[in-house]
Amino acid sequence: MNLVISILEQGFIYGILALGIYITYKILDFPDLTVDGSFPLGAAISAALITRGMNPYLTLLVSFAGGALAGVCTGLIHVKCKVRDLLSGIIMMTALWTVNLRIAGTSNVPLFSQKTIFRNEWIQGIGPEAIAPYRTLLLIIVLTVISKVLLDLYLQTKSGYLLRAVGDNDKLVTSLAKDQGNVKILGLAIANGLVALAGCIFCQEERVFEISMGTGAMVIGLASVIIGTSMFRNLCFMKTTTAVIIGSILYKACVAIAIRNFEPQDMKLITAVLFLIVLVISMERKKKVKKNAGTERHS
Amino acid sequence: MLELKGIHKFYNPGTVNEMCLFEDFNLKINQGEFVSVVGSNGSGKTSMLNIICGSIPVEDGQILIDGKDITKEKEYKRNRKIGRVYQNPALGTCPEMTILENMSLADHKGKFFGLTRGTNKARVDFYREQLRQLNLGLEDKMDTKVGALSGGQRQAMALLMSTLTPIEFLILDEHTAALDPKTAELIMELTDQIVKEKKLTTIMVTHNLRYAVEYGNRLIMMHQGECVIDQAGEEKQKITIDDILLKFNEISIECGN
Numbered sequence: 001m002n003l004v005i006s007i008l009e010q011g012f013i014y015g016i017l018a019l020g021i022y023i024t025y026k027i028l029d030f031p032d033l034t035v036d037g038s039f040p041l042g043a044a045i046s047a048a049l050i051t052r053g054m055n056p057y058l059t060l061l062v063s064f065a066g067g068a069l070a071g072v073c074t075g076l077i078h079v080k081c082k083v084r085d086l087l088s089g090i091i092m093m094t095a096l097w098t099v100n101l102r103i104a105g106t107s108n109v110p111l112f113s114q115k116t117i118f119r120n121e122w123i124q125g126i127g128p129e130a131i132a133p134y135r136t137l138l139l140i141i142v143l144t145v146i147s148k149v150l151l152d153l154y155l156q157t158k159s160g161y162l163l164r165a166v167g168d169n170d171k172l173v174t175s176l177a178k179d180q181g182n183v184k185i186l187g188l189a190i191a192n193g194l195v196a197l198a199g200c201i202f203c204q205e206e207r208v209f210e211i212s213m214g215t216g217a218m219v220i221g222l223a224s225v226i227i228g229t230s231m232f233r234n235l236c237f238m239k240t241t242t243a244v245i246i247g248s249i250l251y252k253a254c255v256a257i258a259i260r261n262f263e264p265q266d267m268k269l270i271t272a273v274l275f276l277i278v279l280v281i282s283m284e285r286k287k288k289v290k291k292n293a294g295t296e297r298h299s
Numbered sequence: 001m002l003e004l005k006g007i008h009k010f011y012n013p014g015t016v017n018e019m020c021l022f023e024d025f026n027l028k029i030n031q032g033e034f035v036s037v038v039g040s041n042g043s044g045k046t047s048m049l050n051i052i053c054g055s056i057p058v059e060d061g062q063i064l065i066d067g068k069d070i071t072k073e074k075e076y077k078r079n080r081k082i083g084r085v086y087q088n089p090a091l092g093t094c095p096e097m098t099i100l101e102n103m104s105l106a107d108h109k110g111k112f113f114g115l116t117r118g119t120n121k122a123r124v125d126f127y128r129e130q131l132r133q134l135n136l137g138l139e140d141k142m143d144t145k146v147g148a149l150s151g152g153q154r155q156a157m158a159l160l161m162s163t164l165t166p167i168e169f170l171i172l173d174e175h176t177a178a179l180d181p182k183t184a185e186l187i188m189e190l191t192d193q194i195v196k197e198k199k200l201t202t203i204m205v206t207h208n209l210r211y212a213v214e215y216g217n218r219l220i221m222m223h224q225g226e227c228v229i230d231q232a233g234e235e236k237q238k239i240t241i242d243d244i245l246l247k248f249n250e251i252s253i254e255c256g257n
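Heads up: the protein sequence lines correspond to chains A and B, in order. 288 is the number that my numbering gives to position 288 of the first sequence; each next residue is one higher, with no gaps. 192 is the number that my numbering gives to position 192 of the second sequence; each next residue is one higher, with no gaps.
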């Protein structure tokens, strides 16, 4: 039972991260490695603010803003300095390592004695004593669902339409008399904001900030997105955002089952192998409009 | 009125592969003209369109719209007044979005894309009416993804979308070249109908000499960055496919093939 709760907790937290990666990878068609830096950025911000006595719920918003700022930087490097997408992300990821250390002060900040969004008088006073073991999970689900619904709503706005259009066919955005560079920067900002939010929640759940916690975040998120989108491709009634979150839970479950039979240091290898398996099974092939001459796209 | 004045365009400047395409190229297109542009590959037709739209920079010269210099203006800003249909039908629409969403995007061209609903419900009937004019049955498939449509249907949508909002210039870059003869015919008739209805100043690059002769009120033939034929009005009406072919042959002999 504890294992299931732990999988669900992690799965939903990483679900928010996967929502961010869904924006960059699926909608913008941008392989964004900033994620490995913006995930711990959110954690560093919340750890630094909580130890200074800030209301833990406010750190959610500040972390989102911090992540969005990192996304804007990646976007500016890509759009204004004309650096290739992958390299822009790597540059920001590297830079953020130092930024994160500066924000947190050290490479490891324990939060065991601090109030977090999961441990304070207010939240512990809600509901009967019987739900106590599930309180963390419930709060995580609420936060994930809020993020998902807000993202769904955003994607149905005019600005959201433009974001979807820019990844689909950036030439069309230009012919709509809109600067496609700005739209990409906006998309990266929202994506990295969500990633940092996931980092913030993860750090408070684990009650520790660790500088290397972002390593592999991109791979986990990407695997979740690909599992979700390819497994539920044929279910029209299910939104892609929902599929992505379920993908994240499934991925965490796979990792949890695999890790029981191995040593903890095998973790990253298992992650990588699982990702490879997911990729091969789903036969995900990125398709770009430019390379496709029209009719063959629909297959 | 659109004017190209003293345009100089080089490819690969400063390298051994430097190639001069335009050297002091001038062209004036008046309000309401429908110009057909023909010419062999590499004669500068598409480059000219790209220069007008701002997709590629020029080394020297001016581009004027109604006397206003837009040479330095960014491509996306120029597109407020310009609609463009490409040869590749995939470039004029968003394949992963539905017909309705595509129409909503096109309807909002040039305006601010904020946090209001993407599709204005009150406009749906208008979109449906516009799509009905295409006679392709698209008005009943509003929730279908555009990626599921055929090339011809997409090109028809691209044409409709690029002219949905008020524009001054319509740029057609071999927009029937990737379509089968029957669909090409349909798109061409549709183009003519829209151009006449909205009184658009149009530049159409085409390899189909029959279209070049039949449609439009001015014909330009380009060769090595210059206009070798430029006829408008009655003279244009008299031009036949044979005249153009004759000129093509003359050029070929000059070039030694």
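What the hints contain is simulated information worked out from the structure, not anything from laboratory work. Keep in mind that the hints are not guaranteed to be accurate.
What the hints assert, rightly or not - Below 27 angstroms or equal to it, Euclidean Cα-Cα: the simulated DSS-like pairs (lysine-lysine) are:
no. : chain 1 : residue 1 : chain 2 : residue 2
1   : B       : 236       : B       : 182
2   : B       : 109       : A       : 82
3   : B       : 111       : B       : 5
4   : B       : 182       : B       : 28
5   : A       : 26        : B       : 28
6   : A       : 158       : B       : 141
Please read these numbers as outputs of a predicted model, since none were measured by experiment.
Given hint residue 28 of chain B paired with residue 26 of chain A - CA-CA distance at most 27 angstroms
44 angstroms, violated
### Task
Would you mind confirming whether the straight-line C-alpha gap from residue 236 of chain B to residue 182 of chain B stays at or under 27 angstroms?
25 angstroms, holds
Against the 27 angstroms threshold, does the CA-CA distance of residue 158 of chain A and residue 141 of chain B hold or violate the hint? Distance ~21 angstroms between residue 158 of chain A and residue 141 of chain B Cα, so the pair holds.
**Prompt:** Between residue 182 of chain B and residue 28 of chain B, does the CA-CA distance stay at or below 27 angstroms?
**Reply:** 33 angstroms, violated
request  = Would you mind confirming whether the straight-line C-alpha gap from residue 111 of chain B to residue 5 of chain B stays at or under 27 angstroms?
outcome  = 31 angstroms, violated
Given hint residue 82 of chain A paired with residue 109 of chain B - CA-CA distance at most 27 angstroms: It holds: about 26 angstroms lies between the C-alpha atoms, which stays within 27 angstroms.
The structure fails to meet hints 3, 4 and 5 from the earlier list, while all remaining hints are met.
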